[in-house]
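K.L.:
Sequence lines, in order, name chains D and X.
Using the working numbering, the letters of the first sequence correspond one by one to residues 1 to 101.
Using the working numbering, the letters of the second sequence correspond one by one to residues 1 to 206.
The set of hints was computed from the structure by calculation and includes no laboratory data.
There is no bait here: all hints are sound.
Simulated pairs of lysine to aspartate or glutamate, EDC-like, Cα-Cα distance not exceeding 20 Å:
id : chain 1 : residue 1 : chain 2 : residue 2
1  : X       : K26       : D       : D94
2  : X       : K121      : X       : D132
3  : X       : K26       : D       : D95
4  : X       : K121      : X       : D148
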Amino acid sequence: MELSSTWYLVLSVVMFSIGTTGVLIRRNPLVMFMCVELMLNAVNIAFVAFGADLNHVGGQISVFFVLVVAAVEVVVGLAIVVAIMRRKPGASADDIAVLRG
Amino acid sequence: MSAEVVFIAAALIVMVGSLGVVVARKPVHSALFLVQTLVGVAVLFINADAHFIAAVQVLVYAGAIVILFLFVIMLLGVDKAEEWGVEPIAGHRMLAVVIGASIAALGLTVVAWSVDGATGKRNPSGLESSLDSDVSDVYRIGRVLFSDYVLAFEITAALLTIAVIAAVVLTRDLPDEDRLADLEPASMELPGTTPVCVDDNGGVDG
Numbered sequence: 001m002e003l004s005s006t007w008y009l010v011l012s013v014v015m016f017s018i019g020t021t022g023v024l025i026r027r028n029p030l031v032m033f034m035c036v037e038l039m040l041n042a043v044n045i046a047f048v049a050f051g052a053d054l055n056h057v058g059g060q061i062s063v064f065f066v067l068v069v070a071a072v073e074v075v076v077g078l079a080i081v082v083a084i085m086r087r088k089p090g091a092s093a094d095d096i097a098v099l100r101g
Numbered sequence: 001m002s003a004e005v006v007f008i009a010a011a012l013i014v015m016v017g018s019l020g021v022v023v024a025r026k027p028v029h030s031a032l033f034l035v036q037t038l039v040g041v042a043v044l045f046i047n048a049d050a051h052f053i054a055a056v057q058v059l060v061y062a063g064a065i066v067i068l069f070l071f072v073i074m075l076l077g078v079d080k081a082e083e084w085g086v087e088p089i090a091g092h093r094m095l096a097v098v099i100g101a102s103i104a105a106l107g108l109t110v111v112a113w114s115v116d117g118a119t120g121k122r123n124p125s126g127l128e129s130s131l132d133s134d135v136s137d138v139y140r141i142g143r144v145l146f147s148d149y150v151l152a153f154e155i156t157a158a159l160l161t162i163a164v165i166a167a168v169v170l171t172r173d174l175p176d177e178d179r180l181a182d183l184e185p186a187s188m189e190l191p192g193t194t195p196v197c198v199d200d201n202g203g204v205d206g
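Let the hints inform the model, and build the full structure from the sequences given.
P.N.:
Shown next as structure tokens:
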């Protein structure tokens with residue numbers, strides 16, 4: 001059993017589906033964000049594995065950009081969560097069903 | 001052989017952590033499990049010779065993003081355990097597990113059927129962008145990032161600026177009754193001068 005990119009890809013697939021299940025199951029918006037982070041990290045593992053396979057640094061560059069976009073997404077998402085929680089303390093994802101304040 | 005051992009150990013850490021994020025009842029516990037997962041992913045990056053990315057992973061994810069999550073959890077006081085008994089839509093939890101399992105099955109099928117993992121052309125050795133060239137990781141990423149990917153890099157900078165402005169705008173707007181009334185005039189007074197009250201018409205009362 002030689003360590004190959006297939007191992008990384010299998011781990012990435014399993015982790016991605018765990019993240020998807022978490023987004024669908026949980027109702028706390030913060031935990032849903034964390035599950036999205038799980039999915040992004042799973043994709044990062046796949047990027048690094050593919051980059052190593054193709055002997056190209058582009059996989060790592062992609063991980064770099066995914067990291068930046070994840071940080072931006074967390075900043076904006078948490079700002080929205082803070083704004084919602086101010087108006088409706090203790091709101092879950094089901095309480096935010098209308099598109100007005 | 002040691003690479004396999006490291007991979008299995010890190011994969012176990014990652015799996016336990018990501019299951020913990022989904023299963024933990026309190027958001028704080030989810031955040032701590034998320035730290036565990038992210039550190040495990042960083043170990044996997046080191047194992048795959050992506051040292052710079054591993055360092056950035058620890059700094060940005062564990063150091064900044066999870067701390068931001070914890071700040072929001074603590075400041076908002078949303079650290080209430082979620083009741084597992086309540087199901088807003090009948091059977092939606094079961095359905096979610098089925099959907100997750102089918103996504104896993106789909107991905108695993110693709111991985112199992114594909115020959116040698118990735119498809120495409122292997123980058124020839126000796127180029128600046130090839131991973132087996134004899135330069136350091138940071139040098140290679142820096143060279144390629146500021147030449148081939150410089151447009152994406154600039155757009156990223158704009159994206160970060162927009163995100164900062166968006167965060168300020170989104171969290172700034174308070175309803176009037178929530179505003180702290182005593183924050184406004186007191187700090188503007190100079191010591192030793194008599195306070196001057198300005199009424200609505202612009203006139204000045206002694």
